[in-house]
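Student: Chain residues, written in single-letter form:
Number of protein chains: 2
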Amino acid sequence: MTDILKGKKIVIIGLGLIGGSVARGLSNKQQDVEIIGVGRNEVVLQQAQSDGAINSYSTDIKIACADADLIVIAVPSLTIESILVELKAVVTDKTVITDAASVKSEIIDAVIKTFGKMPANFVPGHPIAGSEHSGYSASSVDLYQNKKVILTPPDDTDEHAINLVTALWQALGAQVLTMTASKHDAILAATSHLPHLLAFALVDTLSQQGESEEIFRYAAGGFRDFTRIASSDPQMWHDIFMANGDAIIKVLDVYVRDLDRIRQAVLDKNSSELKATFGRAKKSRDKFLSNFENGSDLPDG
Amino acid sequence: MTDILKGKKIVIIGLGLIGGSVARGLSNKQQDVEIIGVGRNEVVLQQAQSDGAINSYSTDIKIACADADLIVIAVPSLTIESILVELKAVVTDKTVITDAASVKSEIIDAVIKTFGKMPANFVPGHPIAGSEHSGYSASSVDLYQNKKVILTPPDDTDEHAINLVTALWQALGAQVLTMTASKHDAILAATSHLPHLLAFALVDTLSQQGESEEIFRYAAGGFRDFTRIASSDPQMWHDIFMANGDAIIKVLDVYVRDLDRIRQAVLDKNSSELKATFGRAKKSRDKFLSNFENGSDLPDG
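Protein chains in written order, with my numbering: chain A, 1 to 301; chain B, 1 to 301.
I should point out that these hints are in silico values taken from the structure, not numbers from a laboratory.
A portion of the hints provided could be inaccurate.
The list treats identical chains as interchangeable, and a pair is accepted whether it falls inside one copy or across any two copies.
[Unchecked claim] Each computed DSBU-like pair below joins lysine-lysine, with the alpha-carbon atoms no more than 35 Å apart:
no., residue 1, residue 2
1, 117, 6
2, 94, 250
3, 283, 117
4, 269, 117
5, 29, 183
6, 287, 113
7, 6, 269
8, 6, 283
9, 283, 62
10, 287, 62
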């Protein structure tokens, strides 16, 4: 499968956690590709080159992308539109483009806005991998190992483009899945964006309590794990909430209704309701965990 | 400090995660005490004895506690009252008693109800340590190492009793702190009970979505950590929510108001509000984490 990557010129725009990990992983596993890094920070680009993560670099998108086979856009969501404008001026029908943004409908809208329509060689993608840390220094050679990557190509996307992008992520050890952009955005709103919102809100609420110093002092391991995602990059999460607001509010409203039901059960000391809710949750979570850990959760599609 | 434990007969009632870890840790670090396990499940008691965690055991509280120096009650919160009734019939003024329940006001109420007043040798306590796993099989020799234990003795508690209970937890490697029961319950509502409520509710909400199988399939590491505490023992958490409802609802209501403010910011695409909230949260959480990890967060008191 990875044979179709052979000899390809791959440009990675943005060498942060996501792009840096693509470069490191690819250079580590696939010697027969040319990897070019594009970024604004030349210190990072030099570092990536000296790490062997990229073969060369440029701070000029147009120069770097002129004869690229595959372009991976790995910049913050709200920066993508300006990147697309630059790309439009230089890429040909042969150039396959993908991105790694967390919200797919927004990217597709931006591409259509820039290109006038969705180019057949643009494959929107999202690696379900990350960390509360960000930047090239947080990137790693195996970030995508055994992770899922969701591609959301419209129906008329070129098959070769899908295959090339699939090969890229598979070379990095990921499982590649395909679904519609709106389905992706709804699922991510539930499993990623909502939990981040709840964690950010909890830490913010507690930090504004009068005795916040003391409150945090007695917080233990459970709190640390629960709030880990509240240490994520505020700018990136700002972008996600700006982009996927509708889907997030939809699932948030369901959640708050459930929360209110549990609140009422606590108020009423409704023993059976509390036991049933906690029991259901534990059962679901244990099941999720066993699927998550044995990796048997890959659907056929 | 641990000298005052020397030669003492210590009875641990309940050999689950908490009591089992006290027994394992104590037998490992302090050879010159006699540790007696009390429980209903004789298979567990035999296992603990063959592990060397206890010197002997009994299924009869009255026999085991007759001449105990220190009794550690480590049974589920809602079982404590019946244990207290049995203890009242057998303990003397010399016997020091402590417990490990997560909600302290409720225990103090139960002790006063049973004994007619708070005995001077009863030291309510709560080790801030645990796991989403429960039972003797989840217990470990070092569960309390570098953890905090909060004691909430009323003003007229016997000083020797406080010292003995303090020595017990210190022998297990814990840092012992003292505060009022109501303050303890408010702090734990914020840092432990509320996060558990949010995690239980999230998993329950998502598991009842039409596409729940698929939703969980795409959940990643952040979700796993965020919901780890939703795998906790439903019965134990039921007990905690029954016991500490007032404090939990108080902090939950503040949280839900904050959540609604963020919801509005998402709806309004209020960029500056979102950035400010996420930025504040990350800063607070990073600060908490650095305190948590370097262990420098021990107050003088």
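Student: Which of the numbered hints are not met once you compare them with the structure shown?
Tutor: 2, 3, 6, 7, 8, 9, 10
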